[in-house]
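**Student:** Order-wise, the sequence lines are chains A and B.
Residue 1 is where the first sequence starts when you use our numbering, and the numbers rise one by one after that.
Residue 1 is where the second sequence starts when you use our numbering, and the numbers rise one by one after that.
Calculated directly from the structure, the hints in this document are not laboratory data.
Among these hints, one or two may not hold up.
Any copy, or any two copies together, can satisfy a pair, since identical chains are not distinguished.
Said to hold, decoys possible - Cross-link-like lysine to any residue pairs, in silico, SDA-like; alpha carbons within 20 Å at most:
1) K26 - S156
2) K174 - V95
3) K136 - R210
4) K26 - V180
As the structure is a computational prediction, the values presented were derived from the model and not from experiment.
Now for the letters of each chain:
2 protein chains.
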Amino acid sequence: MDDATPQTVTAAFLVIGDEILSGRTKDKNIGYIADFLTMSGIDLMEVRVVPDIEDRIVEAVNALRGRYDYVFTSGGIGPTHDDITADSIAKAFGVAIDHDPRAMAILAAHYPPGEFTEARQRMARIPLGADLIENKVSKAPGFRIGNVHVMAGVPSIMQAMLDAIAPTLRTGRKIVSRTVDADIPESRIADALRQIQADNPDVIIGSYPRTNDGRFSTQVVLRSREPDRLVPVAAAVEAAVAAAVAAAQAARG
Amino acid sequence: MDDATPQTVTAAFLVIGDEILSGRTKDKNIGYIADFLTMSGIDLMEVRVVPDIEDRIVEAVNALRGRYDYVFTSGGIGPTHDDITADSIAKAFGVAIDHDPRAMAILAAHYPPGEFTEARQRMARIPLGADLIENKVSKAPGFRIGNVHVMAGVPSIMQAMLDAIAPTLRTGRKIVSRTVDADIPESRIADALRQIQADNPDVIIGSYPRTNDGRFSTQVVLRSREPDRLVPVAAAVEAAVAAAVAAAQAARG
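Starting from the given sequences, assemble the full structure and let the hints guide the process.
**Tutor:** In structure tokens:
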């Protein structure tokens, strides 16, 4: 790892769309981008979902872009009347928006003669000063302005846009993780985990309860930017789990 | 529908947990609560996901509870050191937090003699002035303080807590929806939809593109609190779709 690598790069993800909030569409992008950023060495610090209302989009974009290194958005950049993301982003940045010659050229080449309609031209509306984000799936580009990356909501298109963006992103040292599976309820190892966390403040210890047919188990996840630090802490957690399992067995007689 | 029914009741959902932001756990609660609230006549207006960091939880809770009729949270109310939601909520409301006698009684009755450990007692820490939310799955209660409902993150437990909360919620007139499936890309009906939306501002028209093996289709979703209004608007959309399909077929010869 290069010493010049910054320790942390942060990001927020903004999902734009009534359909997620109404439950009609089940979001598939949050989990995907969380994995994508974690694997890239970028810390996803916040997600928001807002409706297709200009003021709410503007407010969220401005709150998030001031706070994190990167903002990624999904949704609302299609050709229909309810696609208001591009205009909202322009408003958030206080810049004009118009049909972008580069986007017009991409789309004009894509559609058969006479079929590059006014509605489709709407997908070429890009805020002034933005760079385009390539869309290999359906051509209509996303765009980047400042630290905000504006992508489509359709998962296959968003994923293709993320791939296009990836080489341009500054990344930090990756957080690596290690999971210890514990076949006991988390309350039986809570005291031990608290002590291990206190003894190892540089490793983030998460305890995640699970239920399966009324049977409780736990996954203990250790996270650090220093892979070597996971080894002794995992050993301590494994010892604590083994002790708790033994105690539970002894109690059952 | 009773005339006294308020027109709208709004809500926000706050997901608390590093594991969602890291991608380790894929959220299943947003889609569930979106459906639950929509069916209840409560409009979900915003979702946020924040990490297990007290300041971020406090800030989000205070931003959301001032803005919406209800806030629902999930995650961070277990027995381990990384469960800091209850303390963060107490801080957001500026109230004390301590072992709650009602919660202590529920948990003391649940565990075998001698097994109601200090870690498990931690699950009885409830902000002063809160009401408990019953947990039929694993007993450790959630709680309500002001307009904020604090629930577990494990989906089966969150769902049971929502069922326990449901009878206490004020609800508005339900938004009903009707979907028109269109086997054409949305750009082919965008102009017509824009006109239909302009003619019917009281019905929310959403256009949702889909891809399936590179083939584009569209779902047009009409939403209103007046079921009768969906009928003529759906007819107009169906006519527009039929015209666009016929035009596309004619263009193909």
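**Student:** Does each hint fit the structure? Answer for all of them.
**Tutor:** Hints, one by one, checked against the model:
In this homomeric assembly, K26 and S156 come within 20 Å of each other (Cα to Cα) both inside a single copy, at 14 Å, and across copies, at 18 Å. Neither within a single protomer nor between protomers do K174 and V95 lie at most 20 Å apart by alpha-carbon distance, with minima of 35 Å and 38 Å respectively. In this assembly of identical chains, K136 and R210 lie within 20 Å of each other by CA distance solely across copies; the values are 15 Å between and 39 Å within a copy. Taking the shortest alpha-carbon separations for K26 and V180, only the inter-copy value of 18 Å comes in at or below 20 Å, while the best intra-copy value is 30 Å.
The earlier numbered hint that this structure contradicts is number 2, and it is the only one.
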